[in-house]
Structures are given as C-alpha cells and as structure tokens.
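K.L.:
Here's the letter readout for the chains.
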Amino acid sequence: MDIEKKQFTCVICPIGCEIEVQLQDSDVVSIEGNKCAKGKEFVLQELQEPMRVLTTTIRIEGAKWAMLPVRTDKAIPKRLLFRAIKELQGIELNAPVQMSDVIITDIAGADANIVATRNMKRENKGKSV
Amino acid sequence: MEADVTVIGSGPAGLVAALHAYESGAKNVLLLEREEELGGILKQCIHNGFGLEQFKTDYTGPEYAERLIEEIEKTNVRCFLNTMVIALSADRTVTAVNPDSGVFKVKSKSVVLAMGCRERPRGGINIPGTRPAGVYTAGVAQKFVNIDGYLPGKEIVILGSGDIGLIMARRLTLEGAQVKGVYEIMDYPGGLKRNIVQCLNDFNIPLHLSHTITEIRGNERVEGVVVSSVDDKMQPIGGSEQFIACDTLLLSVGLIPENELSKGAGIKLSPTTNGPITTETMETAMPGIFSCGNVSTVFDLVDYVAETGMTAGRNAARFATARKTERNSVEVIPGKNVRVLFPQRYSFKNDLVLFIRPAKPIERPVSIDISPLDMHFKRLYARPNEMIRVKVPKDRLKDITEPIEVNITER
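The listed protein sequences derive, respectively, from chains A and B.
Residue numbers for the first sequence follow the numbering used here, beginning at 1 and rising by one.
Residue numbers for the second sequence follow the numbering used here, beginning at 1001 and rising by one.
Keep in mind the hints are simulated off the structure, nothing from the lab.
Since we're looking at a predicted model, the values are computed, not measured.
Among the hints, a few may not be true.
[Claimed, not checked] What the simulated footprint calls covered on chain A by chain B, stretch by stretch (three residues with Cβ under 8 Å from a Cβ of chain B suffice, anywhere in the stretch; the number is not a length):
| # | stretch |
| --- | --- |
| 1 | 19-31 |
| 2 | 77-83 |
| 3 | 110-121 |
Even glycine gets a Cβ: it sits at the ideal position worked out from N, Cα and C.
Given only the sequences and the hints, what does the whole structure look like? Please build it.
P.N.:
This is the structure we're talking about:
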C-alpha cells in the first residue's frame, strides 16, 4: 500500500510548526516537524476531528458597549462553529456580567460552555457627560 | 502635578510598564489613557492566542487585558482615563487634557512612551479610484463588529495580509459576511502562518499573493475593486486586471508607530522601525524617557510587547530613584538579510534581547550571527512575517567596544 503524505501547520502557538504526517491505510506511520508534544496531539486531532476555540460577541443591554466578547471554554469541532454562532444569535444579555461567567451551557451540543471574556459593569443611562 | 514615572498609553506595553515601575519601587506612578477604559486595542481583539509565551495560557485580548488590569488595581498606580497627552518636553514635563481637569502639566522624574501604533490608511498607499463609503482599515472594522455590533458590509475584499486583516476575514465570515479574497502585493503573507491556516484555510478564503488593488469603484458605496497581479518589482502587470464586485474593502496594509509626542520632545527616531532609538533598557536618546511596545517597533506578539514594557517600567523606576543614565553605549547594527532590528543600542546594563525582522523569506536553515562575538543562533527558516527573538547574555557583552552587528546567513 502506498504511503500518503499530509502537511499541517500547527495552530496551537505562534511558532506554527509545519508538520508532515505519513499515513499507510489511514494509520499514522510517522509525524515530523513538530517542536513539542502538543504538535503531535494537534495533528492526530486534525486527522480525526479538527477542533477550534470559538470567539465571538453577544449583544448586551445596560453596559457601556453594545457587545460582550465571549469564547467557548474549550475547543469544539470545527464543523460546529457556524451552528454555535447561530445559537448565539438573538440572545440578549443584561449587564452586569463578570469575566468567566457561563452564558450558555453545552453550545451546539459540543459539550462546551460559552463564557464571558471580560467584565461589563451596569452603566446608568442618561448620565450627564 | 508631580510623578516618579508617567506612562503614556494603557495598552499591553503601558499596563506592564506601569506595573513593573511600581513593583520596582517607584511610589508615584501615573498611567494616562486617552480612551474611557484601560486596555488599549486588546479590548477589541476578542480572538484567542494572547499570552501563550508570557502566561502559558491561551487568553483572548480582553482576558489578557483584564488580567493586567486586575494587577494594576492591586497597586496604587493612579490611572487617568479620557486623558489625552498633547505634549511632551525633553525635561519630562507631560502636558495632558481631560474633561475633569482641563489642561494640566505633570512634572515627571521619568516617562514611559507606550502609545502603540496606528493603521496605515488608504491615503498611505494611494489606491486610485472613486472615494465611496465602505473602505475601512481592518482595525476600524474590528471595532465596528466587536465593540459596536455593526457589520461593515456583506461582500468583503481585503487588501493586505497583515494579522488584523486575517483575523477579520474569519470574524466577518463567522458573522455571515462573504469574504471574497485577501490580496497581498508581496509574494509572501504579511501575517503569521497560523493565522493563514486558522483564519483563511479553515474557511476556504482564498489568499492571492503578488496581487494588489489598482482601482476602487462605486459612487455612494463601494461597488467593486479592480485587482491586478504584480511583477517582481511590485508593479501591476497590464492585462491582468480583474473586477471583483464587493460592497466593502478592508485595508490591512501595515502599522505605523505613533510618535507625534516623541517627535515633539525632540526624541531621535529610527528610520527602519519608525520608533525611538533605544538601548536594551528601553531608554531613548533623551535621558529618563523610555519607550516600549509598538511605539518602538511593530511586534507580532503581545508577549514581546509586554517584555519590552517590563524592561521599560523597571528601568524607568530606577531612573526615577537614581537619576542615572547609562551614557556608555555601542550601536547595534542590522547586517545581512536584516530589515528591522530592535533595540538599536546596547548600554551594558541588561541582557541584550534582540528582535529581528528578516529582509526576505529564507526557507532553509539559517544562523543568526552576532558579531564581534562568536555567537550563533540556529533557526529552521527566516521569514519577514515572523519576528525572531534572541537573547545575548550581559556577561558575554561586557568587553565589547565596537558596534554589535547582526547578520542572518544560510547554514
């Protein structure tokens, strides 16, 4: 059986190791180019199911800004990113929110939570400037 | 008003500088910020990838900022928000203005410049065509989407492959816009490889190298752009023009250190970094005025920005108490294959941490050679879009009398 080669760029850290994987009958024969163990982990995960952290925003009322930045608390399958975004549309939050507050549990059925990535205080509207 | 250390700007460089000035013994530290909250541009950089080297944690921009702000709040650093510094003088007097105090002056024993950089606008690259609505820099679009909650458009073309442009390609795609392509005039990408992968490739957004935009069309609103391929001298090739319909053009075509205050104070700038010429202590040519982060030179990573902030803060505190400058210094010179080198001088006080941007991509093993020392750092490749950081220990440099030269050679 022929050896199949696949190239990956690891996105775990800014070094961005270029990693070459050799496969035989879908079995990994060799992994080369990674500077650390995380690179190997990344490639094995990419072959199976690419995972990404989702960062986005949710509309918030009563805060200084219109949008609250949020993230998934762990990587979710890449194929579920758009489904997760869709589930977040139409959600309206109210300030105050604390960083790390869980906004939504089990987003897109991916067993990850959406958490706030900053504090947003309640602002009194109509304050004199 | 008086201060031991005054820090101008509260992005990552300024926050870290203020923190370390305080921790190094400066009692009266002042942090001046023109926006209405601390954190600078980190607040709109909602993506992750911050602090991996510094904290070994994958923070988003706001989380990274919050972590530093929490540290600042534990100190008695005085933070002035909505405060615009309008002048700086060589005797370290800072003139600022805010709604509470009007115009006021701060006499400071030392000053840290941490004003960051700004985006090169359309006028900076002279794209011909009409002047319709819908042309934004990538960072402005980022603020629209992430802070204000508006999409800048639905069909997007991005000129330039800097990191903010790549990040926005992904962000706009997730928010339902169609990103038709990223066009880069150079024959290599401007941003980090990982951002090409996770922002473009993940979403099948095409990257066209050796291409530029030669015309913007549309009256009220952008209706499209004409793209052309360029030759090896970056000149558009006649006959290669192609019209791409779009309603929005984002520009990610470079960042410029924001040095109006530095120039006003008479601080000498480097023509290659466009920031103040500094030593490894981050002291500028003006005694007691230090400079760090993207106002010094545009860094790729917040971790590097923070590292220079730490050095600047510590040394600014030291100057404020000891009032001593390392006057003895040698030049640090970019040699072969080096386009940007920071810092530009070495004053025998700290280890020499060098930040190097290669002149051109070398996709083969290279050696970073530090002469006159017999010191060589090996790397697997050298790329202009990935700044190289090397550290030369202080004890190796103590007997140096001539300029230090940095060369990149193929191994």
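K.L.:
Indicate, hint by hint, whether the structure satisfies it.
P.N.:
Hints, verified against the model:
1. 19-31: violated (count 0)
2. 77-83: Three-residue rule met by the stretch 77-83 of chain A, so holds; n is 3.
3. 110-121: holds (count 3)
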